[in-house]
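**Q** So the chains spell out like this:
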Amino acid sequence: MAEHHIQTPVSDETISKLKAGDRVFITGYLFTGRDSAHKKLIELVEQGKDLPVDIKGQLIYYVGPTPARPGKPIGSAGPTTSYRMDSFAPALHAMGLKGTIGKGARSEEVKKSLQKHKAVYLAAVGGAGALISRSIEEAEVIAYPELGPEAIRRIKVKDFPCIVINDMYGNDLYEEGKQEYQRR
Amino acid sequence: MKVINLSSVRDKVKEVVQEANYELQEDTLKIIKQMQEKEESPAGQEVFNQILQNARIAKDEKLGLCQDTGLAVFFVELGEDVKFQKENGLESLRDAITEGTRLGYGEGFLRKSVVEDPIRRKNTGDNTPAYIHWELVPGDVFKVTFIAKGGGAENMSQVRMFAPAAGQEGIEEFVVEVVEKGGSNPCPPIIVGVGLGGNFEYSALLAKKALLRRPLGSHNPDPFYEDMETRLLERINNLGIGPQGMGGRITALAVQVEAFPCHIASMPAAVNIQCHSHRVISFEM
Numbered sequence: 009m010a011e012h013h014i015q016t017p018v019s020d021e022t023i024s025k026l027k028a029g030d031r032v033f034i035t036g037y038l039f040t041g042r043d044s045a046h047k048k049l050i051e052l053v054e055q056g057k058d059l060p061v062d063i064k065g066q067l068i069y070y071v072g073p074t075p076a077r078p079g080k081p082i083g084s085a086g087p088t089t090s091y092r093m094d095s096f097a098p099a100l101h102a103m104g105l106k107g108t109i110g111k112g113a114r115s116e117e118v119k120k121s122l123q124k125h126k127a128v129y130l131a132a133v134g135g136a137g138a139l140i141s142r143s144i145e146e147a148e149v150i151a152y153p154e155l156g157p158e159a160i161r162r163i164k165v166k167d168f169p170c171i172v173i174n175d176m177y178g179n180d181l182y183e184e185g186k187q188e189y190q191r192r
Numbered sequence: 178m179k180v181i182n183l184s185s186v187r188d189k190v191k192e193v194v195q196e197a198n199y200e201l202q203e204d205t206l207k208i209i210k211q212m213q214e215k216e217e218s219p220a221g222q223e224v225f226n227q228i229l230q231n232a233r234i235a236k237d238e239k240l241g242l243c244q245d246t247g248l249a250v251f252f253v254e255l256g257e258d259v260k261f262q263k264e265n266g267l268e269s270l271r272d273a274i275t276e277g278t279r280l281g282y283g284e285g286f287l288r289k290s291v292v293e294d295p296i297r298r299k300n301t302g303d304n305t306p307a308y309i310h311w312e313l314v315p316g317d318v319f320k321v322t323f324i325a326k327g328g329g330a331e332n333m334s335q336v337r338m339f340a341p342a343a344g345q346e347g348i349e350e351f352v353v354e355v356v357e358k359g360g361s362n363p364c365p366p367i368i369v370g371v372g373l374g375g376n377f378e379y380s381a382l383l384a385k386k387a388l389l390r391r392p393l394g395s396h397n398p399d400p401f402y403e404d405m406e407t408r409l410l411e412r413i414n415n416l417g418i419g420p421q422g423m424g425g426r427i428t429a430l431a432v433q434v435e436a437f438p439c440h441i442a443s444m445p446a447a448v449n450i451q452c453h454s455h456r457v458i459s460f461e462m
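As given, the protein sequences belong to chains A and B, one line each in that order. Taken in order, the first sequence gives residues 9 to 192; the numbers are from my numbering. Taken in order, the second sequence gives residues 178 to 462; the numbers are from my numbering.
The set of hints was computed from the structure by calculation and includes no laboratory data. Take the hints with a grain of salt, since some may be wrong.
List of simulated lysine-lysine pairs, DSS-like, C-alpha gap at most 30 Å [said to hold, decoys possible]:
#	chain 1	residue 1	chain 2	residue 2
1	B	K215	A	K27
2	B	K215	A	K124
3	A	K126	B	K358
4	A	K48	A	K124
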């Protein structure tokens, strides 16, 4: 298990170094988005229109934070369950998205898409939203403010802690971890 | 006849929805620490450390333990000898609980996670309605149990109507299957609430009530179900899913089973999954 400190935007070369089970600390900007925002993004893709954000080389964090207390950039901000975004992820990978951050297993289609488009799927610890908020220095709503907690935000992170679940080589930490510890 | 002011109910609800979302209760913390000692996987140990660190930060900074601060679910035990005093704008006990929820989630910087229609999906903006289950009981009891129930774990829950021939074995297989299928999604280490018997809707309610048993990890008083809880916990923790699904010894912190009489033709079973962020508080007035 290696440890990587990476900066966004990320290159294919950086992605190629990340293996399932590795710890990753991200510094730079992330975009946030979950169910409703993805639905809107994909409608734009289907209509051939530009997205409100340029996702090339970027990472999307699946999160709907709690409101920020005064003087804080954001509230509690842990990952939401990723499978709900499975049907949207491959189209975004095809447009240059280099990875997504959430929790929980992805579909076979998403795993194949990661290999095809040289991208990764990372997990943050679900239910640790207060702790994770400490890695977030700034947050700004940049699209769909009407969605409230589901709006797209650009957040500035420092050493944001993740683990690689699915790498671009087809490895899956959830499957490997389960096999190692299961007792029949 | 006991008389309770609706404004004092509203104020108490406003207080507990915030407290539950900021602080894990002692029984939950105790089980988390006990189970961490049994975890063999390094990734699992790291997850337990982060869960405990998160609990300290959330409490100190009055931040949601999780960003999913849940649907506001209430179980109300209402004594037949209790009367409520109406006040300005509060016409009923339901009003008082709803208003307490709205104020607590608003003033407490908690997330508004309710949409007004399942298909059209517009956020209600204040985390109401509250989801209230009423139980009329004798005497002058007024007891409210609140649970902030997140969507991730709730989505991994299931109800199934078995034929009685499926027996104990069929039921236990089902519980393990639901947990295995949920895998990493519901934020393990999870708590598994099992509702057996009743009918279709009653089994689901029993499963949620099973989650509310305190202290967390205590057993059903019926030795038959105590055995089932112990056996199911062992089988689930042999699945290897582990904390956050990254592989490990501890997939579940506790399995709690509630049973109830049912029809001669039926054997309903419901499994309600709860994440490690078990946010439950009761109060009496």
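**Q** None of the hints should be skipped; say for each whether it holds.
**A** Okay, the hints, checked on the actual structure:
no. : hint            : result
1   : B:K215 x A:K27  : 28 Å, holds
2   : B:K215 x A:K124 : 40 Å, violated
3   : A:K126 x B:K358 : 28 Å, holds
4   : A:K48 x A:K124  : 24 Å, holds
Checked against the numbered hints given earlier, this structure breaks only hint 2.
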